[in-house]
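So the sequences go chain by chain: Y and H. All residue numbers for the first sequence refer to our numbering, where the first residue is 2 and numbers rise by one. All residue numbers for the second sequence refer to our numbering, where the first residue is 2 and numbers rise by one.
Treat the hints with care, as some may be off.
If several chains are the same, the list does not tell them apart, and a pair holds so long as it fits within one copy or across any two.
[Unchecked claim] Straight-line C-alpha distance at most 27 angstroms; calculated DSSO-like pairs for lysine-lysine: (1) 192 - 125; (2) 359 - 122; (3) 192 - 122; (4) 318 - 89; (5) 105 - 125; (6) 192 - 114; (7) 122 - 105; (8) 363 - 325; (9) 363 - 32; (10) 318 - 211; (11) 19 - 223.
For the record, the hints were derived by calculation from the structure and aren't laboratory data.
This is what each chain is made of:
Number of protein chains: 2
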Amino acid sequence: MKIVVQKYGGSSLSTLEKIDSVASRIARREKGGEDRLVLVVSAMGETTNDLTRMAYDLSPDPPARELDMLLATGEQVSIALMAMALHKHGVDAISYTGPQIGLKTDTLHTQAKVLGIDSGKIQKQIDLGRVVIVAGFQGVTAENDVTTLGRGGSDITAMALAVGLRADRLEKCTDSDGVYTADPRIYRSAKRIDRLSYEEMLEMSFSGAKILHPRAVFFAWKYRVPILVKHSEMDGSGTWIEELEEDVEQPIISNVTHDVTVAKLTVYGVPDRPGMAFRIFDCLSERGVGVDMIVQSTTKRLVNDISFTIKRGDLAKAREGLEKLAADCEGMEIEADDRVAKLTLVGLGIRSDSSVAKDMFKALADEEINVEMIATSDVKISCVISEDQVKTGVRALCRRFFP
Amino acid sequence: MKIVVQKYGGSSLSTLEKIDSVASRIARREKGGEDRLVLVVSAMGETTNDLTRMAYDLSPDPPARELDMLLATGEQVSIALMAMALHKHGVDAISYTGPQIGLKTDTLHTQAKVLGIDSGKIQKQIDLGRVVIVAGFQGVTAENDVTTLGRGGSDITAMALAVGLRADRLEKCTDSDGVYTADPRIYRSAKRIDRLSYEEMLEMSFSGAKILHPRAVFFAWKYRVPILVKHSEMDGSGTWIEELEEDVEQPIISNVTHDVTVAKLTVYGVPDRPGMAFRIFDCLSERGVGVDMIVQSTTKRLVNDISFTIKRGDLAKAREGLEKLAADCEGMEIEADDRVAKLTLVGLGIRSDSSVAKDMFKALADEEINVEMIATSDVKISCVISEDQVKTGVRALCRRFFP
């Protein structure tokens, strides 16, 4: 008997009608009766945003512990409603919060890391023939305080359960029928990808694709849990994310990802002596600002320029920290640009085909798109460009790599 | 150092502004610094009704366990927001759900009874100088399932905490500045009562006064915890509910309560043989219908008529059950009347002053109000009258007993 963990996001559960529709699909599948289902659900629609706004309307600086107490209610509403809907359709189902199934985390409220999970309680209910519904995104500390796992945290809950229950696979049910070569709203001829390697998916997640949380992909890879990305309300196939043998014939480039939620910071005139880069990134880390791409210019002067990208929402606090640092170092200056975007090519073939980078820059240059920063890995090449050229850039790369 | 448990109902917390206002009052009181505060809060405004409606929109018969999972989120939102508001006003506060403080209940979902409470966790936070905020209305079974305590259940949570923490008193903070001799919206000259005995308050609660849950009053009486009913946003006194010595000079009548949420059922032609009353009330009990006043006519015939009152919302299921029973007993007929009201006089003096009943019926008769049923106890006299005469009745009794 195979256990399948299904994860439903907020947009698949945004109304009572959608919850009912998902429940009726699950009921039909249950009658077929092959797989044992464990569902992980997010909060309905925009609930998490609404609750967050409420907290900040009340207080400019709500304590993180209490934010988690508040946000965790969103998923609790979803599990209860899903259980009711399943009962209505004749399915014996039972709901659990993160704390109830012992999803233990560290104490970093609003961004907690999963430490472990007690899958025994769920396994017992599965053995009783029940569909188990688990609240995503939430856990509990050793002190029994409620925590949340950050944006996209329900993916991590689902993956932790899939690993803990030795599930056959994780089905990520969403409002798209799979992963596409590029955003179909920008490039109409984008095609659904049948199979992706964990490595490609991980690079896509890091590059701004909202399909799966990078930590969920990382765990899937580590424990070799296959993921199927599929539509929550349609039958048929989707995109499989799994271990791909090197000799499997895969396209050189799988996907063009873009991300318009980034900002670029440049620190000019950094004294060329040991410890300066440390001071810059320590100052950001202290403020909880994560840095993505980093480029340091090497000049023959006694000072360097360092550019890096961060999340756009972190720009104000990053800038404030760096301005303070600059005040201590004569000649150091900060420049911020929040009108940039990141454009990323992902593909296993990048490893072996050295012409990809050249072709990418040629395609962008033909559209007169200036590349401000570049970062590469085995399976991806990312560029920072101006935000207003991002659609042109996506289309140019699609035409070049998915002709 | 005295511990004071304060209970805030949904109408005192219906908006972020109201929560902020309550928090700022608490902050000012904390700066005075005499009492240690434990707050018990209800769900904001109409949240519980909204969630219940959502559940029944989704399913005609939602499982009680899942209803509790859903409803418990309402109070969880309130505790988190109240904690944020208190922090904003400089008060160190911490929130707990019912399950987190180990408020153990039986397994009767949606109507669970409190079995015990682990006050150690709260006491520890009090000793650290924190204001503790507890979610009312909710608890947890031995199996770690979330339960709720039924309408008005937050009063019971507050009283269980007051008893467990050996609190100096329970302050019930509401949108009225105390208990009045009658509803001031009906009788303008109604006056605030300074002191009431537990017994009077208990009769008032049973008679439809929405001030305190009867079980909360019962526990207060049993453990001699004084209750102060006061306004949540105004200073000054309120109404004390406490043990009153018999020789304390109290008015004969304290209060006129009315209740328009009742219905009257009459079973005609009940065969006059043992077991028939049992079958009638067993049939109601099986359907979860609670019976309040009961009158059985004694005639010289071989059949009796039995009349009783129930909650109006239970009328449909009560009627359905009794019709079935009547189908088995020839000549038995059911009559339902949902346009009735209950009018109750409450006062310690009823015990000793035998003229009260006479005066009550005279006052009603003078207004040509027909009394359909009567029930009495040591400290109350209740009448069932026609609903459209209830305001006239309240005023007539007020004029007679609070001239």
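Notebook entry, point to check: When no copy is named, should residue 105 and residue 125 be tagged within, between, both, or neither for a Cα gap of at most 27 angstroms?
Noted result: Both. Shortest intra-copy (19 angstroms) and inter-copy (23 angstroms) distances satisfy the 27 angstroms Cα cut-off.
Notebook entry, point to check: What label fits residue 192 with residue 122 when the C-alpha limit is 27 angstroms: within, between, both, or neither?
Noted result: The answer is neither: 41 angstroms in one copy and 57 angstroms across copies each exceed 27 angstroms.
Notebook entry, point to check: Between copies, within a copy, both or neither: which fits residue 19 and residue 223 at Cα up to 27 angstroms?
Noted result: For residue 19 and residue 223, neither the intra-copy (33 angstroms) nor the inter-copy (50 angstroms) Cα distance is at most 27 angstroms.
Note to self: Please sort residue 318 with residue 89 into within, between, both or neither, judging by C-alpha distance up to 27 angstroms.
What the structure shows: between (49 angstroms within a copy, 21 angstroms between copies)
Check: Between copies, within a copy, both or neither: which fits residue 192 and residue 114 at Cα up to 27 angstroms?
Finding: neither (35 angstroms within a copy, 58 angstroms between copies)
Next item on the list: Using 27 angstroms as the alpha carbon limit, work out where residue 359 and residue 122 are close: within a copy, between copies, both or neither.
Entry: Cα proximity of residue 359 and residue 122: none, with 54 angstroms in one copy and 64 angstroms across.
Note to self: As a check of your reading, is residue 363 near residue 325 (CA-CA no more than 27 angstroms) within one copy, between copies, both or neither?
What the structure shows: neither (40 angstroms within a copy, 84 angstroms between copies)
Next item on the list: If the cutoff is 27 angstroms on CA atoms, where do residue 318 and residue 211 land: within, between, both or neither? Let me know, please.
Entry: within (24 angstroms within a copy, 50 angstroms between copies)
Checklist line | Status of residue 125 relative to residue 192 across identical chains (alpha carbons, at most 27 angstroms) | finding: neither (41 angstroms within a copy, 59 angstroms between copies)
Notebook entry, point to check: Is it within, between, both, or neither for residue 122 and residue 105, if the alpha carbons may be no more than 27 angstroms apart?
Noted result: The answer is both: 14 angstroms in one copy and 20 angstroms across copies each meet 27 angstroms.
Next item on the list: Check residue 363 against residue 32 for me: Cα-Cα at most 27 angstroms, and say if that holds within a copy, between copies, both or neither.
Entry: neither (54 angstroms within a copy, 69 angstroms between copies)
Taken one by one, the earlier hints fail for this structure at numbers 1, 2, 3, 6, 8, 9, 11, listed in ascending order.
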